[in-house]
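> These protein sequences, in sequence, are chains A and B.
So the first sequence is numbered by our numbering: it starts at 1 and just counts up by one.
So the second sequence is numbered by our numbering: it starts at 247 and just counts up by one.
One or more hints might be untrue.
In silico DMTMM-like links for lysine to aspartate or glutamate, alpha-carbon gap of 20 Å or less [claimed, not checked]:
| # | chain 1 | residue 1 | chain 2 | residue 2 |
| --- | --- | --- | --- | --- |
| 1 | B | K326 | A | D52 |
| 2 | B | K327 | A | D89 |
| 3 | B | K327 | A | D56 |
Output of the computed footprint for chain B on chain A, the stretches with three or more beta carbons under 8 Å from beta carbons of chain B [stated by the list, open to error]:
| # | stretch |
| --- | --- |
| 4 | 65-71 |
| 5 | 172-179 |
It is worth saying that the hints were derived from the structure and are not from the lab.
No residue lacks a Cβ here, since even glycine has one placed at the ideal position from N, Cα and C.
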Amino acid sequence: MQRQEVSGAAAQRGAARQLLGCYAALAADAAHLLDGVVQGRPLVQWEHYPADDFIDRETGYQYFYHCHAPGARTGGPEHGHFHVFARLDADRHRLDERSEADFLALIGAGARPRHALAHLLAVALTPKGVPSALFTVNQWVTGDRVLSARAVVRALAGFEMRSAGDPLVNRWLAALIGLFRSQIARLLAARDRRLLAGARAPRREPLLEDRAIEVLSSVAIDADRQLRALGQGRAARAQVRLRISR
Amino acid sequence: MRQSIATLSIAALTAATAALPLATPALAAPMGDSAAHAAKCGAKRRAKCGAKCGAKKSARCGAMSGSQSKSKSGGMCSGKK
Numbered sequence: 001m002q003r004q005e006v007s008g009a010a011a012q013r014g015a016a017r018q019l020l021g022c023y024a025a026l027a028a029d030a031a032h033l034l035d036g037v038v039q040g041r042p043l044v045q046w047e048h049y050p051a052d053d054f055i056d057r058e059t060g061y062q063y064f065y066h067c068h069a070p071g072a073r074t075g076g077p078e079h080g081h082f083h084v085f086a087r088l089d090a091d092r093h094r095l096d097e098r099s100e101a102d103f104l105a106l107i108g109a110g111a112r113p114r115h116a117l118a119h120l121l122a123v124a125l126t127p128k129g130v131p132s133a134l135f136t137v138n139q140w141v142t143g144d145r146v147l148s149a150r151a152v153v154r155a156l157a158g159f160e161m162r163s164a165g166d167p168l169v170n171r172w173l174a175a176l177i178g179l180f181r182s183q184i185a186r187l188l189a190a191r192d193r194r195l196l197a198g199a200r201a202p203r204r205e206p207l208l209e210d211r212a213i214e215v216l217s218s219v220a221i222d223a224d225r226q227l228r229a230l231g232q233g234r235a236a237r238a239q240v241r242l243r244i245s246r
Numbered sequence: 247m248r249q250s251i252a253t254l255s256i257a258a259l260t261a262a263t264a265a266l267p268l269a270t271p272a273l274a275a276p277m278g279d280s281a282a283h284a285a286k287c288g289a290k291r292r293a294k295c296g297a298k299c300g301a302k303k304s305a306r307c308g309a310m311s312g313s314q315s316k317s318k319s320g321g322m323c324s325g326k327k
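Let's have the full structure, built from the sequences with the hints guiding it.
If you want it as structure tokens, here you go:
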């Protein structure tokens, strides 16, 4: 157990270095995180960036960025957000179908079609491209398959985009997921608790289809605070230093 | 330049980054936000399903852009299939 915690912390520090490395590279090029995603297109509400999403059919991950209309944003300093998906036809996303069927039964969604996509996570960004929140969405929002928190955490742990996507954003997303893995696990657990509570309460329509509920769980994040916490935690250990080439 | 994780910050690294402008409303969506959203996504779905699955699916998606069963086909933030 202790060894697991140590290796988890090491992975988190690696993710922290990756994340900082991404912003250092952007700063060196005077670039914005979303340059390679927006690709010079005008920013229009609800449009996907890129238009056809970044889809890695090899690793089975997919993401796009978009912006809601001002009244429909999740709040705070959000400019827009990434939606990250798993493509369930990819080998690495083979599910424990029995366990997932049990989960669906528990949340009152037993007989749902088996969509090939599953929404994993949404990541809100400030206008400067800094992550400000993580959130999960209701099933009707993305219209795909709902997986248990356990399955989503597992899928996110292997997040990797190789054959598609903007290379820097691919690294950035993987680093962000690694850096905030504890918050993500709690975020998804909170989502499942809400789904379970929704299944127990009498409702006019299933919670998963309730248009009044768009976001199921969310957490504000502060990457700098997370980095500071990691920096302080490892101060007594070897001083790992980040080289930034300018 | 060498700096430790503890001293680097994303705020400092993005201090000079130009903020992205807010997204503008789509030209074909003169109604309220949620209506614009539903209409826009509905149109996309219909076109996609029409092309992909023929008339039967097209009719299904047409129904889905209404208020009842959109979740079965995909929602406003769905990923591309």
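> So, for every hint listed, does it hold in this structure?
Now the hints, each set against the structure:
no., hint, verdict
1, B:K326 / A:D52, "6 Å, holds"
2, B:K327 / A:D89, "11 Å, holds"
3, B:K327 / A:D56, "12 Å, holds"
4, 65-71, "holds (count 6)"
5, 172-179, "violated (count 0)"
Checked against the numbered hints above, the structure violates only hint 5.
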